[in-house]
Amino acid sequence: MEIREMRAFVAVVEAGTMSKAARQLHVSQPALSQTITALERRLGVQLLVRTSTGVQATDAGTTLLGEARAVLARHEQAIAALARHTTTGVLRVGVPLELPPELLPSALARLAEEYPETRVQARHLSSVAQVAALRAGELDVGLVRERPPGPDLDASLVVTEDVGVLLAADLAEKLGSPVRLEDLAGLEWFAFARAGSPAWYDELAAILRSHGLTVGPEVPEEQRLIVELKIPAVSSGGAYAFAPPEWPYPMPDTVRWVPLAGNPIVRRTWAVWPATSHRRDLAAFVAALEAYRED
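9 is the number of the first residue of the sequence shown in the working numbering; add one for each residue after it.
Quick caveat, the hints were computed from the structure, so don't treat them as lab data. Any given hint could be a false lead.
[What the hints assert, rightly or not] Dumping the calculated SDA-like pairs for lysine to any residue here, alpha-carbon to alpha-carbon at most 25 Å: (1) K28 to Y300; (2) K182 to W265; (3) K28 to D170; (4) K182 to V263; (5) K182 to E254; (6) K28 to A78; (7) K28 to A207; (8) K28 to N271; (9) K182 to G220; (10) K28 to L47; (11) K28 to R49; (12) K28 to A283; (13) K182 to P258; (14) K28 to V79; (15) K182 to W255; (16) K28 to T168; (17) K182 to N271; (18) K28 to R155.
Make the full structure from the sequences, and use the hints.
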């Protein structure tokens with residue numbers, strides 16, 4: 009058995025349902041079910057009884073649960089013991105556009121307090137570019153808008169934002185607040201290149217279409233979204249752009265941020281790092297990011 013399989017089995021038993029355990033492990037429910045089924049087949053015993061209300065451990069499953077917990081605890085002890093040999097120094101962080109203004113300052117302040125010897129190098133990159141850089145060993149941690157698949161990267165959700173819309177001031181006054189998505193029909197969506205964050209783009213496009221809006225032509229891959237261009241694009245009155253409530257950029261009187269009725273668009277940001285990393289300063293940085301979301 010692999011550590012990954014034991015961790016998955018323990019999570020399912022403790023959660024009581026496959027769906028809840030899948031959310032906790034940040035994997036799909038079918039993938040988690042396949043992991044457990046493959047484990048049962050390899051061991052030659054039934055570990056779980058599946059019912060309409062959840063799952064329960066069989067006698068064999070109860071035996072494995074105790075052993076797996078002990079192995080996982082010992083594994084964590086081994087990692088902790090080796091952690092004192094890991095080195096700190098430069099923490100390379102990937103950063104997207106439009107983060108909440110207090111997220112990075114609060115996390116960096118905590119990191120500086122706990123690990124004053126660690127220097128931070130930040131790079132503004134798209135989600136796709138960050139994931140590629142993480143897998144190439146060019147970043148230590150990234151902040152991305154879509155959780156990457158695969159066991160080679162660990163992730164933690166650190167920001168959840170109800171996205172609103174930027175509109176020309178006179179149009180915002182006409183439409184009222186909050187504004188319904190369908191009331192934006194006839195306006196152009198000031199979009200970003202899909203190549204930078206395909207899953208997030210597709211989610212937005214699907215939401216727009218479900219409200220009767222057109223997505224418009226796809227933005228060329230080489231055309232980077234520059235935040236400052238949102239203002240002139242919107243202020244003309246012919247376009248709209250999405251933005252979080254704490255948009256960290258100056259806004260002229262000609263533009264208004266307006267919430268969307270029913271909060272149909274939720275933007276999530278994950279901290280992502282190599283699963284093999286045992287850097288203590290990186291762990292402290294991620295913990296500080298998670299604390300921001302809890303606050």
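How the hints compare with the structure:
Proposed proximity of K28 and Y300 is supported: the alpha carbons are some 23 Å apart, at most 25 Å. This hinted pair checks out: K182 and W265 have alpha carbons roughly 13 Å apart, not beyond 25 Å. In summary, the hint linking K28 to D170 is supported, as the alpha carbons are separated by about 23 Å, within the 25 Å threshold. About 13 Å separates the Cα atoms of K182 and V263, which keeps this hinted pair within 25 Å; it holds.
Under the criterion of a C-alpha separation no larger than 25 Å, the hint pairing K182 with E254 is consistent with the structure, at around 23 Å. Note on K28 and A78: the hinted pairing holds, with a Cα-Cα distance of about 23 Å set against a maximum of 25 Å. Annotation: proposed proximity of K28 to A207 holds, straight-line Cα distance about 22 Å (limit 25 Å). Note on K28 and N271: the hinted pairing holds, with a Cα-Cα distance of about 24 Å set against a maximum of 25 Å.
Pair hint K182 plus G220 holds up; C-alpha atoms about 20 Å apart against a cutoff of 25 Å. With a CA separation close to 19 Å, the supplied pair K28 and L47 stays within the 25 Å bound. Our distance criterion of 25 Å between C-alpha atoms is met by K28 and R49, whose separation comes to about 23 Å. Between K28 and A283 the alpha-carbon distance is near 22 Å, which keeps this suggested pair within the 25 Å criterion.
Between K182 and P258 the CA atoms are separated by roughly 23 Å; this keeps the pair inside 25 Å, and the hint holds. For the suggested pair K28 and V79, the alpha carbons sit about 23 Å apart, so the restraint of at most 25 Å is met. Restraint check: the Cα-Cα separation between K182 and W255 comes to about 22 Å, which is no more than 25 Å; the hinted pair holds. At most 25 Å may separate the alpha-carbon atoms for a hinted pair to count; K28 and T168 meet this at roughly 19 Å.
This hinted pair checks out: K182 and N271 have alpha carbons roughly 20 Å apart, not beyond 25 Å. For the given pair, K28 sits about 18 Å from R155 by alpha-carbon distance, which is consistent with the 25 Å threshold.
When the structure is compared with the earlier hints, no violation turns up for any of them.
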